[in-house]
Each structure stands twice: as structure tokens, then as C-alpha cells.
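For the sequence shown, the residue numbers in my numbering are 1 to 128.
Note that these hints are calculated values from the structure, not bench results.
What you are looking at is a predicted structure, and each value in this text was computed from that prediction instead of being measured.
Only true hints are included.
Taking lysine-lysine and the DSSO-like style, the derived pairs with C-alpha atoms no more than 27 Å apart in a straight line are:
# : residue 1 : residue 2
1 : K114      : K60
2 : K41       : K25
3 : K94       : K26
4 : K60       : K32
5 : K26       : K71
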Amino acid sequence: MGTSNTFHKLEKLSHKASVDAIFQKKGQSIFKPPILLAFLKTELHTPYPCQVFVSVGKRKFKKAVDRNRIKRQITDVYRLNKNRIYEVILDDSKYAIGILFLGKVLPTSSEVEKNVTLAIDEFIKRIK
Numbered sequence: 001m002g003t004s005n006t007f008h009k010l011e012k013l014s015h016k017a018s019v020d021a022i023f024q025k026k027g028q029s030i031f032k033p034p035i036l037l038a039f040l041k042t043e044l045h046t047p048y049p050c051q052v053f054v055s056v057g058k059r060k061f062k063k064a065v066d067r068n069r070i071k072r073q074i075t076d077v078y079r080l081n082k083n084r085i086y087e088v089i090l091d092d093s094k095y096a097i098g099i100l101f102l103g104k105v106l107p108t109s110s111e112v113e114k115n116v117t118l119a120i121d122e123f124i125k126r127i128k
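All chains, please: the whole structure from these sequences, using the hints.
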């Protein structure tokens with residue numbers, strides 16, 4: 001399940017209620033500029049320990065091409081690092097994770113990789 005570096009459809013968090021719960025309930029957040037990683041331990045009905053959504057603000061990036069590029073970069077970094085998360089999460093625990101890009105300028109791939117990896121490292125420390 002968590003051994004391949006793929007990002008399956010079931011790993012994508014798409015329910016509006018779940019997304020809202022991360023920010024309105026007891027969700028915690030980690031800010032590693034310009035990345036905000038918000039998470040909530042929850043009851044998800046999925047075979048995966050985590051469901052993730054990625055968001056980039058439309059106000060700061062008018063062109064969909066730019067927003068999609070940033071979302072793709074963030075998703076790729078998560079996809080390559082998710083096995084580290086899966087190793088730490090206990091068997092019954094499920095997490096809803098939101099990764100938001102809050103920057104104002106188009107980042108390079110290395111900047112995205114560095115900041116998302118730092119946020120994931122902090123997430124792993126908090127759930128241990």
C-alpha cells in the first residue's frame with residue numbers, strides 16, 4: 001500500500017467537509033514559508049493512512065498554468081516523501097492533510113522541494 005511512489009486517486013482529499021474540518025476544528029498547522037501544512041487526525045474511509053489536498057491561491061497566481069505547475073511540484077514532493085509518513089503513522093490512525101502555497105512569486109522546483117520536505121519533517125515529529 002505505502003511502498004510505491006505513486007499518488008492514487010483515493011489518496012486525494014476531495015470532500016469539502018473534510019477540507020473545512022482541517023481549518024475549522026482542532027486541526028494543527030505547520031508554516032514553513034511559503035508552505036502551510038495543516039493536518040487533522042480523523043476518521044477517513046480509505047485504505048491509505050493519509051489523504052492530501054494541495055491548494056494555490058488564485059489571487060496571487062492569475063494563470064492556471066502557474067497554479068497547476070506549483071500544485072504538481074508540491075504533489076511530486078509529497079509523493080516521493082509519503083513513505084516516511086506512512087512508516088510513522090500507527091495502524092489505526094488516519095490523517096487529513098492540506099498543503100497550501102502562500103507565496104507571491106513563482107518558486108523553483110528546488111525551493112518547493114526544500115520547503116515541503118521541511119514541513120513533512122515537522123509533521124512527522126509532531127505525530128510521533
